[in-house]
Amino acid sequence: MKLYELTIEEAHKLLKEKEISSQELTQAVLDRISAVEEKVGAYVTVADELAMDQARLADKAISEGNISPLTGIPLAIKDLMCTKGLRTTCASEILENFVPPYDATVIKKLKKLDAVIVGKTNMDEFAMGSSNEHSGMKITHNPWDLTCIPGGSSGGSAAAVAADMCISSLGSDTGGSIRQPASHCGVVGLKPTYGRVSRFGLVAFASSLDQIGPVTKSVTDAAVMMNAIAGYDAADSTSVPKETPDYTSVLNKDGLNGLTVGIPREYSEVEGLDPDVSAAVKDAIKKIQEMGAECIEVSLPHSKYVVAVYYVIAPSEASSNLARYDGVKYGFRDKDKSELTDMYRSTRSGGFGPEVQRRIIIGTYCLSAGYYDAYYGKASQVRTLIMEDFNKAFEKCDAILSPTAPTPAFPIGEKVDDPLTMYLSDIFTLSANLAGIPGISVPCGFSAHGLPIGLQITGKHFNEEALLRIAYNFEQATDFHKKKPSL
Amino acid sequence: MKITKNEVIHVAALSRLDMNEESIDKFASQIGTILEYVDTLKQVDTEGVKPTSHAIFLTNAFREDEEKEHLDRENALANAPEKEDGNFVVPKVIA
Numbered sequence: 001m002k003l004y005e006l007t008i009e010e011a012h013k014l015l016k017e018k019e020i021s022s023q024e025l026t027q028a029v030l031d032r033i034s035a036v037e038e039k040v041g042a043y044v045t046v047a048d049e050l051a052m053d054q055a056r057l058a059d060k061a062i063s064e065g066n067i068s069p070l071t072g073i074p075l076a077i078k079d080l081m082c083t084k085g086l087r088t089t090c091a092s093e094i095l096e097n098f099v100p101p102y103d104a105t106v107i108k109k110l111k112k113l114d115a116v117i118v119g120k121t122n123m124d125e126f127a128m129g130s131s132n133e134h135s136g137m138k139i140t141h142n143p144w145d146l147t148c149i150p151g152g153s154s155g156g157s158a159a160a161v162a163a164d165m166c167i168s169s170l171g172s173d174t175g176g177s178i179r180q181p182a183s184h185c186g187v188v189g190l191k192p193t194y195g196r197v198s199r200f201g202l203v204a205f206a207s208s209l210d211q212i213g214p215v216t217k218s219v220t221d222a223a224v225m226m227n228a229i230a231g232y233d234a235a236d237s238t239s240v241p242k243e244t245p246d247y248t249s250v251l252n253k254d255g256l257n258g259l260t261v262g263i264p265r266e267y268s269e270v271e272g273l274d275p276d277v278s279a280a281v282k283d284a285i286k287k288i289q290e291m292g293a294e295c296i297e298v299s300l301p302h303s304k305y306v307v308a309v310y311y312v313i314a315p316s317e318a319s320s321n322l323a324r325y326d327g328v329k330y331g332f333r334d335k336d337k338s339e340l341t342d343m344y345r346s347t348r349s350g351g352f353g354p355e356v357q358r359r360i361i362i363g364t365y366c367l368s369a370g371y372y373d374a375y376y377g378k379a380s381q382v383r384t385l386i387m388e389d390f391n392k393a394f395e396k397c398d399a400i401l402s403p404t405a406p407t408p409a410f411p412i413g414e415k416v417d418d419p420l421t422m423y424l425s426d427i428f429t430l431s432a433n434l435a436g437i438p439g440i441s442v443p444c445g446f447s448a449h450g451l452p453i454g455l456q457i458t459g460k461h462f463n464e465e466a467l468l469r470i471a472y473n474f475e476q477a478t479d480f481h482k483k484k485p486s487l
Numbered sequence: 488m489k490i491t492k493n494e495v496i497h498v499a500a501l502s503r504l505d506m507n508e509e510s511i512d513k514f515a516s517q518i519g520t521i522l523e524y525v526d527t528l529k530q531v532d533t534e535g536v537k538p539t540s541h542a543i544f545l546t547n548a549f550r551e552d553e554e555k556e557h558l559d560r561e562n563a564l565a566n567a568p569e570k571e572d573g574n575f576v577v578p579k580v581i582a
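Sequence order for the protein chains is H and F. The end of the first sequence is residue 487 by the working numbering, with every number in the run present. The end of the second sequence is residue 582 by the working numbering, with every number in the run present.
Do not rely on the hints blindly, as some may be mistaken.
[As the list claims (entries may be wrong)] These stretches of chain H come out as covered by chain F in the derived footprint (C-beta under 8 Å, 3 or more residues):
| id | stretch |
| --- | --- |
| 1 | 46-53 |
| 2 | 73-85 |
| 3 | 110-116 |
| 4 | 190-199 |
| 5 | 305-312 |
| 6 | 349-363 |
[As the list claims (entries may be wrong)] Examples of chain H residues lying across from chain F (beta carbon under 10 Å, computed):
| id | residue |
| --- | --- |
| 7 | 16 |
| 8 | 20 |
| 9 | 208 |
| 10 | 271 |
| 11 | 337 |
| 12 | 339 |
| 13 | 342 |
| 14 | 345 |
| 15 | 384 |
| 16 | 386 |
| 17 | 424 |
| 18 | 433 |
| 19 | 435 |
| 20 | 446 |
| 21 | 447 |
| 22 | 449 |
Source of the hints: derived by calculation from the structure; they are not laboratory data. Positions of the beta carbon are idealized from the N, C-alpha and C atoms, including for glycine.
Could you build the full structure based on these sequences and the hints that come with them?
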């Protein structure tokens, strides 16, 4: 038995029965990281010593009879959630040496459950990207084909899970950044409803869209992680004071009777939809029907405007959020400049990579005098129409099925100089962020070249249970999640 | 061209970013393509549609004005590139 291959569920069982210790498990994961990190490049920082310290504490807790579902489980954290005393870079040179003086709320929660944090995973700089090629730190490779991108922006988290370099991980999703890399790496990724998980301590990209969620080896693990991180937090004024269910309670193989799933008519017209992806998703829909769900056609008439709306709103919010990196309070400063504005400009131009600068420029332009109404104002109105489309669709169905991404993972370098083409690959994921609804990606097949394909299930606000129920039944009826990349 | 080089220079200045000639050209062309694509939004009739800035309808999040756990000065300054006597240091602002 290779300990690093275990799921949370399996590892928990062995820890509870004292078959293994957290120190053994954590060491196995750290050894695995040492063995394959050079090929995959999933981590910005590996916290060997801290992890072993936490594992020792976890073993002590277990020996005293205190075990939570995450006690002693080695987890990887996307490098934009603040971890007290552990460098948090956002994969940006501007934060290269930033050591947070506090923990994000999700990290506090994980520590309280005696989870083990093995390291911080690579990402597109400030979460801006769909391929991890915009990391200011390193390139992450897809474990299924090292010449391909892992997806982004939580590409490091997804690659680490797929390559068994952690048991499970946390990512963040602003326009698909959990679901798309999960799809490309053949793992499970869940973006919760906006407001379900506290964003306190998550470095902000686009505040009305960002949400933290799990990237895991199984649907069960996603539910376990949600139980750990979900819930109201007074420190995040946008978190919603609503009771959190036990997400594992919906994980049973009762089939899908009584559920209605919608297939958006407009999604079949998406340009550039890969035939392997289309075929795998059609098979998945058939399977879900066979398990008892009623399948109907729904319409999301404003789907074709989703990319345009997103690429106004997200850069606009980013341009405002990233104003804080001024070389004064934290991060890089160009110390050669003796005049304040020169220092700001030189610090920011030297510290931010090209994609981040591009988005700051777009956002500032869309918010600037004379253009605000035509761009930000207009996009915010069309956002309302996109939300209304979903509200109408969800009057008739409990969940909507689609591909997570229009193609399997593409080769590194293919789209990096063509931002618009890269943005268009987010077509299926962006709308969930604009509408604030939850979405999950589960493995549903492989391309002819052996690259994973993901099925996306989106649902009503605060109804993650429906997604987990469908995803779990689908997973249990299929074998896609059992296949592992050979490294 | 959807966005001129001069506009890129103006917006870069607003954003406190320095741009060299090469970046200005590249950005004008790339951002021009993106903005042209964004112009498809003009096809949508939004007469009377309220804008959405936030997908979940929450009203103001009030709480009692009480002192809670917070960063002390030393920790708040811990990552400052330059500090002195418990303050952030910036280049001279007034000549």
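Let me make sure I understand: some of the numbered hints might not hold for this structure. Which ones are they, in numerical order? 1, 2, 3, 7, 8, 10, 20, 21, 22
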